[in-house]
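J.: For the protein sequence lines, the chains are A and B, in the order given. Numbering that gives the first Met the number 0 numbers the first residue of the first sequence as 0 and each following residue consecutively. Numbering that gives the first Met the number 0 numbers the first residue of the second sequence as 0 and each following residue consecutively.
Keep in mind that the hints were calculated from the coordinates and are not lab data. Note that CB positions come from ideal geometry on N, CA and C, so glycine has one too. Please note that the accuracy of each hint is not assured.
Here are a few chain B residues that face chain A, going by a calculated C-beta distance under 8 Å [said to hold, decoys possible]:
id, residue
1, 79
2, 141
3, 331
4, 444
5, 489
6, 545
7, 546
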Amino acid sequence: MSNLVSISSTALYTAFVLYLIATLFFGATIRDKRTADMSKKSISGVIGITLTIIGFLAQVVYFISRWIAGGHAPVSNMFEFVTFLGMTLVFAFILIYFIYRLSVLGLFALPIALLIIAYGSMFPKEISPLVPSLQSNWLFIHVITVSIAQGILAISFVAGLIYLILKVDQKKITLKNILLEIVIFLLVTGLGFSVITTIFASMDYEAIFQTPEGLEMDYHMPAISGPKGAELVDSDKMEPLFSAPTWFQGEAAPRKLNTLIWSFIAGTVLYGFIRLLTRKRVGARVQPWLRKISPQLVDEVMYRSVAIGFPVFTLGGLIFAAIWAQIAWDRFWGWDPKEVWALITWFFYAAFLHLRLSRGWHGEKSAWLAVIGFAIIMFNIIVVNLVLAGLHSYA
Amino acid sequence: MSVDHIKCECGHVNPEGTVLCEACGKPVAKNQDIDGNNKKKLLNMRYEGSARRSQTYNRSIVDKTWNFFSSVRNGVILILIALVASGVGTIFPQAMYIPEEAPNRDPAFYYEDAFGILGKIYYQLGFHELYSSWWYMILIALIGVSLVICSLDRFVPLHRALKMQKPKRHYTFLSRQRLFGETENVSDEDRQQVIKKLKKSRYKITEDNGYVLAEKNRFSRWGPYVNHIGLIIILLAAILRMTPLLFMDEYVWVREGEEKVIPGTDNEYFIENKKFTVDFHDENDERFKEAIENQGDVESNFQTDVVISKVKEGSVVGQSDSMETVTEDSIWMNHPLKFDGITLYQSGYQENEFSDMTFKIYETDDEDQESLGEVTIDLDTPEDTYKTDSGFEVEVTKYYPEYELKNGEPRSISQYPRDPAFVFEVLGPDQEEAEMSFVGIGKNIDATGDNKYKLGIQDFNVRYVSGITVRKDYTLPFFIIGAAIFLFGVIQGMYWQHRRVWIHPEGDNLVLAAHTNKNWFGLKKDIDKAIEGTSIKMPIDQEEAEEKKAMEEDEEA
Ligand code: HEM
Chain A
0 MSNLVSISST
10 ALYTAFVLYL
20 IATLFFGATI
30 RDKRTADMSK
40 KSISGVIGIT
50 LTIIGFLAQV
60 VYFISRWIAG
70 GHAPVSNMFE
80 FVTFLGMTLV
90 FAFILIYFIY
100 RLSVLGLFAL
110 PIALLIIAYG
120 SMFPKEISPL
130 VPSLQSNWLF
140 IHVITVSIAQ
150 GILAISFVAG
160 LIYLILKVDQ
170 KKITLKNILL
180 EIVIFLLVTG
190 LGFSVITTIF
200 ASMDYEAIFQ
210 TPEGLEMDYH
220 MPAISGPKGA
230 ELVDSDKMEP
240 LFSAPTWFQG
250 EAAPRKLNTL
260 IWSFIAGTVL
270 YGFIRLLTRK
280 RVGARVQPWL
290 RKISPQLVDE
300 VMYRSVAIGF
310 PVFTLGGLIF
320 AAIWAQIAWD
330 RFWGWDPKEV
340 WALITWFFYA
350 AFLHLRLSRG
360 WHGEKSAWLA
370 VIGFAIIMFN
380 IIVVNLVLAG
390 LHSYA
Chain B
0 MSVDHIKCEC
10 GHVNPEGTVL
20 CEACGKPVAK
30 NQDIDGNNKK
40 KLLNMRYEGS
50 ARRSQTYNRS
60 IVDKTWNFFS
70 SVRNGVILIL
80 IALVASGVGT
90 IFPQAMYIPE
100 EAPNRDPAFY
110 YEDAFGILGK
120 IYYQLGFHEL
130 YSSWWYMILI
140 ALIGVSLVIC
150 SLDRFVPLHR
160 ALKMQKPKRH
170 YTFLSRQRLF
180 GETENVSDED
190 RQQVIKKLKK
200 SRYKITEDNG
210 YVLAEKNRFS
220 RWGPYVNHIG
230 LIIILLAAIL
240 RMTPLLFMDE
250 YVWVREGEEK
260 VIPGTDNEYF
270 IENKKFTVDF
280 HDENDERFKE
290 AIENQGDVES
300 NFQTDVVISK
310 VKEGSVVGQS
320 DSMETVTEDS
330 IWMNHPLKFD
340 GITLYQSGYQ
350 ENEFSDMTFK
360 IYETDDEDQE
370 SLGEVTIDLD
380 TPEDTYKTDS
390 GFEVEVTKYY
400 PEYELKNGEP
410 RSISQYPRDP
420 AFVFEVLGPD
430 QEEAEMSFVG
440 IGKNIDATGD
450 NKYKLGIQDF
460 NVRYVSGITV
470 RKDYTLPFFI
480 IGAAIFLFGV
490 IQGMYWQHRR
500 VWIHPEGDNL
510 VLAAHTNKNW
520 FGLKKDIDKA
530 IEGTSIKMPI
540 DQEEAEEKKA
550 MEEDEEA
């Protein structure tokens, strides 16, 4: 039993390392003059995709062994759900890779998958027992389908990002290249969250607050924003700099705000560090590496992944969700925040597809839309799960 | 032939408003601004240049309304407004999701209490019931109208244009396709081979005098229309659901051992709660040990064992044999019970009701509170007086199932024994006059201050109240059909693409042009495969070429 759990965590770790190495090989493909010509395979591309597939299989081992150990599909808490999204993103990448053979996609898709897996790994990893409403086969049918759809849709973001780095003018500062830089900064902030969480966790930092209602709230990072009116229990820990506003709702909201602030601090430090190395906007530094790549092909990948992902999302995020909700909660649709955000995602990609029908929306405009689409997906996974409480809240 | 019709040089007669001749594709000079072809090298092929009503008439108010709704741009704007509005509804919980434990669940107070001034504004704007507000429903209805009109506007002309198309196309039409190429001196063998290969890739070949059209997956063009029909069915089903005839939603609380009418069934069906059980995950289960330690006990199941009975047809209610059992079963989450078109769901439970309480009598002065006699009161059917074997007589003069003191007056909030309190008159075997005392949970008041005997709570039992949702929903099949059609339509439109390749002789040259509605990469692969080993050149992607040129010019600048 516990044996299986350790197999499962080793497998996840293996997958993580393999994705990391595969990224380096995909990185090597851009130096290769032939990359733009798809008919010829570059050796580093072949190694990259092979490692990716092995990593993916390792993650499948993680998934199955944890499923057996826990007796239910490991998609029932934040750790399981988010790492699974990383896995479906890799799956979608492999799928699209074999259609378009575009190696540069791996250079961007794998780091984003790594970021997502690292993010998920910051949440409690123990296997949780299922509450009655989750005890249904529809749990895994629904969640697995939605995640696959989100993974495929995330590829459109990856392609959109490549497109923007490739095409946005970097000669002088413009609104567009600042926005692009902000997108890159936010990705770095995602990494910042994992880094800062790991640092404080390795220090075993803990500060306990007593709220006026007599509840205890423990912080695992020094409190910058504390709970309103709360007392620090051990006085040798850092006093909060300010109190979290009370309208910031949800369970343990002040602590979440605090984590967010720390992530931004860590993200800013990391980004500053990267800038010291690049000595240019990151976008401007990366742009010349991509010169060999055909923007049409990247645009096509971006659109195609929405075209493939949209029906899957409809099936998993709306139809399967409705069937399950009908059985478990007696209504197939209840305007729960999670459901509403699935609807928003669906509306958004429907708008994307409609806009693509007119010519002016190809290329750069749809690349921005793909970025917004991914922001909506991440919002659904992070903010809706952790902040806007609802039936599905994993917090 | 009406004067409005347009005759093309190929002989085909097109309806007014046509942009590209339905048969040969030659641009109709005066209509080139409609699809923006006058500004571009490449033709806009989205609707095959067919004559759409919305692009042709714009005089009467009907025309203008029609044109408003048939614009995809306006449709997208409506979708985006609905999207933002839906998001606004998730900022604070909707009224139905106000948490149980909120101090005041009345929306008029809750939003301000919980979220301050923003909450108050949210409530005053009606956002606490956003999804059932009139304006949200109108917005969704407008999307419905828009997609119906939009589909009608395009379906008929598009269908006509695809049916009328001839293999032989005008040279201008071909040269203004995205994929276009000319090769000199192609042998007939090579030409035949390309056609054969395309056929092998499941293209349908039509030939007219050496002019060839290879076409594939035309059906995928109808995908959007199919999916929009699915959406319309779903919207209609949502309207049907507002009628009580097809949809019923009720809720009933049933105590253990109690039998109740199932609401919404005209007193025809009854539900009895035989037993209610709550189970928790085993804290010693090795798998979950850590999680349970961290987050506390986790329920594994709660369920009600029920008996459903109904009034026999033609019988008089109250007669002993007037009822018959419909079914006996258990209901738990993810396992509803269905009978006669009604579905019962286990929704929730309360464990805050007392079923009985036992009081002991002791002397006020006795520090050890030694029991002199006990009475047990069944809180469903409290009796007026109880006698103990030891000779005490306890009279229940007042019973408050859920006690509260309001404006100095004792009263009961509800009829459910959630916080019972009593006024007793106790007469000891050695007394002449009964003494009055008030007893509740945590309260024991002696009205005069010199009572000899006191009553104390010795023991009690609580019972569960099971919350059951009662549903009758005849609209489900419509939703299922609508969703299935929608999904079918999107798959039809997304996973296949309408590809066409034209192979024409042009003097000594062979022209090869191609079009697809999406997935150009796939189309190029098809062509690549077909021309392999022949002298025919790969057609040029004119869009890509143009963009490359622009980029190079940009770099030089
Ligand atoms: C606001 C009202 C709407 C209008 C005016 C509208 C109009 C259209 C039009 C004109 C097309 C293209 C048809 C063609 O190419 O032959 C289309 C395609 C499509 N529509 Fe809509 N539509 C609306 C609402 C929706 C909604 C709410 C959804 C689903 C969420 C939806 C899903 C789709 C899909 C998936 C396609 C296929 C797109 C593609 O082939 O790339 N539509 N719509």
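J.: Compare the structure with each hint and give your call.
T.: Each hint tested on the structure:
Taking 8 Å as the C-beta contact cut-off toward chain A, the hint placing residue 79 of chain B at the interface holds, the least distance being around 6 Å. The interface hint given for residue 141 of chain B is violated, since its Cβ lies 14 Å from the closest Cβ of chain A, which is over the 8 Å cut-off. At its closest, the beta carbon of residue 331 of chain B sits 7 Å from a beta carbon of chain A; the interface hint therefore holds under the 8 Å criterion. Against a cut-off of 8 Å between C-beta atoms, the interface hint on residue 444 of chain B is violated, since the closest Cβ of chain A lies about 28 Å away.
For residue 489 of chain B, the interface hint holds, since its Cβ comes within 8 Å of a Cβ in chain A; the closest pair sits about 4 Å apart. Because the smallest distance between the Cβ of residue 545 of chain B and any Cβ of chain A comes to about 10 Å, over 8 Å, the interface hint for this residue is violated. A hinted interface residue such as residue 546 of chain B counts as satisfied when its beta carbon comes closer than 8 Å to some beta carbon of chain A; here the least separation is about 7 Å, so the hint holds.
Of the numbered hints listed earlier, those contradicted by the structure are 2, 4 and 6.
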